[in-house]
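Go by the hints and put chain B onto chain A.
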Amino acid sequence: GAVVSQHPSRVICKSGTSVKIECRSLDFQATTMFWYRQFPKKSLMLMATSNEGSKATYEQGVEKDKFLINHASLTLSTLTVTSAHPEDSSFYICSARDQGAHTEAFFGQGTRLTVV
Amino acid sequence: AQSVSQHNHHVILSEAASLELGCNYSYGGTVNLFWYVQYPGQHLQLLLKYFSGDPLVKGIKGFEAEFIKSKFSFNLRKPSVQWSDTAEYFCAVRGTGTASKLTFGTGTRLQVTL
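Protein sequence lines, in the order shown, are assigned to chains A and B.
Its first residue numbered 2, the first sequence is counted upward by one per residue in our numbering.
Its first residue numbered 76, the second sequence is counted upward by one per residue in our numbering.
Chain A with its partners taken away, still in its complex shape (with noise of 0.2 Å):
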């Protein structure tokens, strides 16, 4: 199947920082990107839809200035979590998708944010 590249896998950042994590479609073109949290025991919930070009799409009680998504690219989308506090720690997940209705989602690695 095709592959999705997460990075950072883990990250450990102070509170007040922010920090970027980048999800990128390696073999195929993503014209949108899925942003999800994954809460201990929990199942993922999902942020926010990233679209190539266009502003992203929020669920409903995530903060859009808290974490800010760029899809510049068909390949790459980044989830900046700004002025991180350690309420924000978490396992973070993107998926990608092919172009076309019939597709599965592709799923990175994830990112395990913590924040002290």
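Derived by calculation from the structure, the hints in this document are not laboratory data.
Nothing here was measured: the structure is a model prediction, and the numbers come from that model.
Careful, some of the hints might be misleading.
Think about it this way: if two alpha-carbon atoms lie no more than 30 Å apart in a straight line, the pair counts; the simulated DSS-like pairs of lysine-lysine are [said to hold, decoys possible]:
no.	chain 1	residue 1	chain 2	residue 2
1	B	K124	B	K136
2	B	K133	B	K146
3	A	K43	A	K21
4	B	K176	B	K146
5	A	K67	A	K43
6	B	K144	B	K124
7	A	K21	A	K67
8	B	K136	B	K176
9	A	K43	B	K124
10	A	K15	A	K56
11	A	K56	A	K67
12	A	K56	B	K144
13	A	K21	B	K144
14	A	K21	A	K56
15	A	K21	B	K146
16	B	K133	A	K56
17	A	K15	A	K43
18	B	K176	A	K65
19	B	K146	A	K56
20	B	K176	B	K124
21	A	K43	A	K56
22	B	K176	B	K144
23	A	K43	A	K65
24	A	K15	B	K146
25	A	K65	A	K15
26	B	K176	A	K67
27	B	K144	B	K133
28	B	K133	A	K15
29	A	K67	A	K15
30	B	K136	B	K146
Just chain B now, kept in the frame of chain A:
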């Protein structure tokens, strides 16, 4: 709004036992259905998917799932589990549009004992 319900939160089975994990969804339209598996410390991997056609779909590692439209269900089955099947299993649903969102169930933790 679409939603997915997985009733089994934690399942413990002995090796060679048969497995069935329940998944029910709510969605007002044509759906694509998926089962993903997350092994400890690894990322999500697709087990199988249903887009159209034969409602009984076969996936990797001997898993299969049956789409029953009248029951809004997509249960996952395996006739004989192995210790290596220990993992978290997620059912997911989305519409058929190109920007449709994938909604996940809460997951079922499967523990297979020797």
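Against the structure, the hints come out as follows:
no. : hint             : verdict
1   : B/K124 to B/K136 : 14 Å, holds
2   : B/K133 to B/K146 : 20 Å, holds
3   : A/K43 to A/K21   : 23 Å, holds
4   : B/K176 to B/K146 : 22 Å, holds
5   : A/K67 to A/K43   : 22 Å, holds
6   : B/K144 to B/K124 : 15 Å, holds
7   : A/K21 to A/K67   : 12 Å, holds
8   : B/K136 to B/K176 : 27 Å, holds
9   : A/K43 to B/K124  : 22 Å, holds
10  : A/K15 to A/K56   : 28 Å, holds
11  : A/K56 to A/K67   : 15 Å, holds
12  : A/K56 to B/K144  : 35 Å, violated
13  : A/K21 to B/K144  : 42 Å, violated
14  : A/K21 to A/K56   : 17 Å, holds
15  : A/K21 to B/K146  : 43 Å, violated
16  : B/K133 to A/K56  : 38 Å, violated
17  : A/K15 to A/K43   : 25 Å, holds
18  : B/K176 to A/K65  : 18 Å, holds
19  : B/K146 to A/K56  : 37 Å, violated
20  : B/K176 to B/K124 : 15 Å, holds
21  : A/K43 to A/K56   : 28 Å, holds
22  : B/K176 to B/K144 : 20 Å, holds
23  : A/K43 to A/K65   : 23 Å, holds
24  : A/K15 to B/K146  : 49 Å, violated
25  : A/K65 to A/K15   : 21 Å, holds
26  : B/K176 to A/K67  : 21 Å, holds
27  : B/K144 to B/K133 : 17 Å, holds
28  : B/K133 to A/K15  : 46 Å, violated
29  : A/K67 to A/K15   : 15 Å, holds
30  : B/K136 to B/K146 : 26 Å, holds
The structure fails to meet hints 12, 13, 15, 16, 19, 24, 28 from the earlier list, while all remaining hints are met.
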